[in-house]
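Participant: Could you build the full structure based on these sequences and the hints that come with them?
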Amino acid sequence: MQHPFQCIASVRLPGEATSYDYLVTACGPRLTVVDVAMGEIASRWSTERAASTTSNGDDDEQSERPKKKQKTSTAAPRASNIIKLIVSPDQTHIVTVTDDKLIRVFGVKTGGLLDELSQRCMPKRPCAIQILPDNATIICGDKFGDVYSLPLLPSDSPVVTEQASAGAAESEVSKKEKEAAFKPSATNLTVHTKRNRKALEAQMAQKDFTNKKEPLKFEHKLLLGHVSMLTDVLYATREVERKHRGYIITADRDEHVRISRGPPQSHIIEGYCMGHTHFVSKLCLIPGTDMLVSGGGDDDLYVWDWPTGKLRRKYEIFGAMLGLPYVGDTVMNDGSTQQAATVGDMSDHKVAVSGLCTAPFTNAKGQQETALLVTCERVPALFVIPVNRLQLVKKYEITQIDLDYPPLDITCIGDIVVISLDGRKDGQYRLTANKLVQPNADDKGHVMLKPDEDTEARLKCLVGSAEGVRADDKELDELFYSVANLRKRGGWVTPGEDVAAEDDPVDAEADPNGTEIVEMEDDATVRKA
Amino acid sequence: MAGPPNKRQKRDDKQEGQMPQKKFYRQRAHANPFSDHDLTYPETPEAMNWGDHYPSYVATVPAAVPKDDPVATEDGNDYGVPRMTKQVEVADIGCGFGGLLFALAPKMPETLILGLEIRTSVTEFVQEKAKALRVQHSPESVPGGYQNVSCIRANTMKFLPNFFAKAQLSKIFLCFPDPHFKARKHKARIVSTTLNSEYAFVVRPGGRVYTITDVEDLHRWMVEHFEAHPSFERVEGEELEGDEVLKVMTTETEEGKKVERNGGTKYVAVFTRLEDPPWP
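Those protein sequences? They're chains H and R, same order as listed. Each number in the working numbering corresponds to the 1-based position in the first sequence with 3 added. Each number in the working numbering corresponds to the 1-based position in the second sequence with 25 added.
The hints are simulated quantities; they were obtained by calculation from the structure and are not laboratory data. Among the clues, some could well be false.
Cut-off 25 Å, straight-line C-alpha distance, at most; resulting in silico cross-link-like pairs (SDA-like, lysine to any residue) [claimed, not checked]:
no.: 1; chain 1: R; residue 1: Lys207; chain 2: H; residue 2: Lys353
no.: 2; chain 1: H; residue 1: Lys353; chain 2: R; residue 2: Pro302
no.: 3; chain 1: R; residue 1: Lys283; chain 2: H; residue 2: Asp102
no.: 4; chain 1: R; residue 1: Lys291; chain 2: H; residue 2: Ala189
no.: 5; chain 1: H; residue 1: Lys201; chain 2: R; residue 2: Pro204
no.: 6; chain 1: H; residue 1: Lys397; chain 2: R; residue 2: Gly105
no.: 7; chain 1: H; residue 1: Lys201; chain 2: R; residue 2: His211
no.: 8; chain 1: H; residue 1: Lys197; chain 2: R; residue 2: Tyr292
no.: 9; chain 1: H; residue 1: Lys313; chain 2: R; residue 2: Glu71
no.: 10; chain 1: H; residue 1: Lys397; chain 2: R; residue 2: Pro134
no.: 11; chain 1: H; residue 1: Lys127; chain 2: H; residue 2: Asp102
no.: 12; chain 1: H; residue 1: Lys313; chain 2: R; residue 2: Met73
no.: 13; chain 1: R; residue 1: Lys207; chain 2: H; residue 2: Lys313
no.: 14; chain 1: R; residue 1: Lys283; chain 2: H; residue 2: Thr190
no.: 15; chain 1: H; residue 1: Lys398; chain 2: R; residue 2: Tyr104
no.: 16; chain 1: H; residue 1: Lys491; chain 2: R; residue 2: Glu71
no.: 17; chain 1: H; residue 1: Lys246; chain 2: R; residue 2: Gly105
no.: 18; chain 1: H; residue 1: Lys197; chain 2: R; residue 2: Met73
Facilitator: Quick look at the structure:
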């Protein structure tokens, strides 16, 4: 079993004569940087180093005493997996997010060497992260619904949490809470039932209260928040009257795509792109246009004119997905291959857009154009839509390209499209490098993927680089395939199943359904009667 | 325990035009705003059928225009819902049993008022009461004839933008919201730093947000959060005099009456929605 690359990114370092291309790959807890031109591994990094703890004490004891069966600590805590990997616009830094909520910033030096600069723990697990065009700020959205901004390079001086427009009240209020000794907010007058009054008296009698919430120890700002779980965050710019305006576009599980002003006015909502009927999981801006493409659990992709919030058109994905194999989640008893079942057969298998990005392609006339690449969770295919088709209102042309395994991530090195595949058995290749070409000038919608053997040969140095990384079907599925979980199951939300449950402040004790009818005593009428 | 079946039966036994009785519509007060309640909501405000709620305000085609005239037959927009002569301007978020709604309706006969409530039975009660009141009172006897008030079941914390367009509302009422005392539940409070941006989005500049509660801690929380939000400014003293709706809010809600009976204090705060600053 080999661990596939869950994230890949390309870095282009400027050089004197040419630029140097590097492919950064994340495989479980490991980062491996490949020098594409040379076809060699340039550097490695792993979260395992940070996690491993050797108990030196044990060794000493063993040498002194006869060998006893000592209860040593079990295997070192599981190293955290890298779930997001992004590159700064000026290609000098990369940022990783690991599943233990840590954001790490690395500097990329000549030769492709990584230099770990900082490590910051966010309050909730980030689900989307981007470095702003100023190359100095990171914005990240978390599953709780909040979007924070952090400086890319944190200053060395200790915490002075800056008060942002939206965040000001939070920190002030929490400071006051800390200072005042605990006092229940309820009083005898606001509590109306007998049982609650008793509980209040018990609270008043209690003496010791600790404020568990610790403020973040590094500079950060709360920019905006949704009540629903965020799934994607993007920063967009527009030029209006020759001035640059920044916007933050956020998508959530409750079908909203919100357009807010960028920092420092991110508390102002400019508008919404309303129309989705199922969760939104991915957003993609089409460069050079005012188009925003969003996808998620709906059968179609939605193409918006985001400054006005108007829907330009829908682009169907479900039809293109029908008839394709769907790599299921059942593992046979003998531990062999995952089952493949046709999408059409199983009513469970609906669209779950897992990736939306743009890539360059060469059209039949030799010119460079852009195409939108779409991937759906667990479906071993790539859907390509040339942007010039998206711009039209009526024409529907989509190319579906079969892949050997479901794609996990896509990045572009120049005009070479590198796709990371979920090939888990030893020997299966996990990366393919291709060029997108339009073979026929008359068939504008048809784009082909032509393997670029040269690059693939150079990436072969990564074979075997996953050795030692624990890979277990169930864990890998959990790591790669979480988008489908965003779909709501109408009505009941079982605390265990719900993805938001762990971060959800309102836990199982509150009535999850909220529609239970209970005999209520109205102390004003019933008692007197 | 006398279960729901009996209650449902008694609800249905009611005559048309008779007022519904609260005791058949009671429901647990605390609903989890984060869970997916099997709610229905329009995918966009333009898709909402307001005609069901305010039948008197549906834009009708004059009788003299022939039916096959292309202009005349266009009685809906792209979503096939009827066009309205007015839009909702006043929203009571968490309207409960509708005390404020029904007291306010005759005072603002030219404005459409909407109550939003997350609990199913309570919403049904308000809807039934509105129907009964419309039957009992004509627009001659009571200004507006209660035609301008209605109630929907909605989770406003999540879906406010689904119902209202930008700057649509002139007033929002937040009466006696659930205090959610525990610190970890503070995110479920109806007023929070991040949620205030949504209120600012649906309320037009110059519009007002009215809050009232009997829990002093919650009052302080709401004041702090609204004051800290750059789109709002607290309205105090002189500017509040002459605000008719303020008096109504203080005395006419069910919860407000209960607080008075128990001898509690009511804390009121009003905020105005400021204009958005220009882009930097």
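Participant: If a hint holds in the structure, say so; if it doesn't, say that too.
Facilitator: Going through the hints against the structure:
Our distance criterion of 25 Å between C-alpha atoms is broken by Lys207/R and Lys353/H, whose separation comes to about 39 Å. For the hint pairing Lys353/H with Pro302/R, the CA-to-CA distance comes to about 43 Å; that exceeds 25 Å, so the pair is violated. Between Lys283/R and Asp102/H, the direct Cα distance comes to roughly 49 Å. Violation of the 25 Å bound is thereby established for this hinted pair. For the suggested pair Lys291/R and Ala189/H, the alpha carbons sit about 14 Å apart, so the restraint of at most 25 Å is met.
Our distance criterion of 25 Å between C-alpha atoms is met by Lys201/H and Pro204/R, whose separation comes to about 18 Å. Between Lys397/H and Gly105/R the CA atoms are separated by roughly 21 Å; this keeps the pair inside 25 Å, and the hint holds. Restraint check: the Cα-Cα separation between Lys201/H and His211/R comes to about 23 Å, which is no more than 25 Å; the hinted pair holds. Proximity of Lys197/H to Tyr292/R is assessed by CA-CA distance (about 24 Å); at most 25 Å being required, the pair is judged to hold.
At most 25 Å may separate the alpha-carbon atoms for a hinted pair to count; Lys313/H and Glu71/R meet this at roughly 12 Å. About 46 Å separates the Cα atoms of Lys397/H and Pro134/R, which puts this hinted pair outside 25 Å; it is violated. Annotation: proposed proximity of Lys127/H to Asp102/H holds, straight-line Cα distance about 10 Å (limit 25 Å). Among the hinted pairs, Lys313/H with Met73/R is consistent with the structure: their alpha-carbon atoms are about 17 Å apart, no more than 25 Å.
Between Lys207/R and Lys313/H, the direct Cα distance comes to roughly 41 Å. Violation of the 25 Å bound is thereby established for this hinted pair. Only pairs whose Cα atoms come within 25 Å are accepted, and Lys283/R paired with Thr190/H is accepted, the gap being roughly 15 Å. Taking the CA atoms of Lys398/H and Tyr104/R, the gap is about 22 Å. The hint holds against a cut of 25 Å. This hinted pair checks out: Lys491/H and Glu71/R have alpha carbons roughly 24 Å apart, not beyond 25 Å.
Note on Lys246/H and Gly105/R: the hinted pairing is violated, with a Cα-Cα distance of about 40 Å set against a maximum of 25 Å. Distance restraint check for Lys197/H and Met73/R: the Cα-Cα separation of roughly 43 Å exceeds the 25 Å cut-off, and the hinted pair is therefore not satisfied.
Of the numbered hints listed earlier, those contradicted by the structure are 1, 2, 3, 10, 13, 17, 18.
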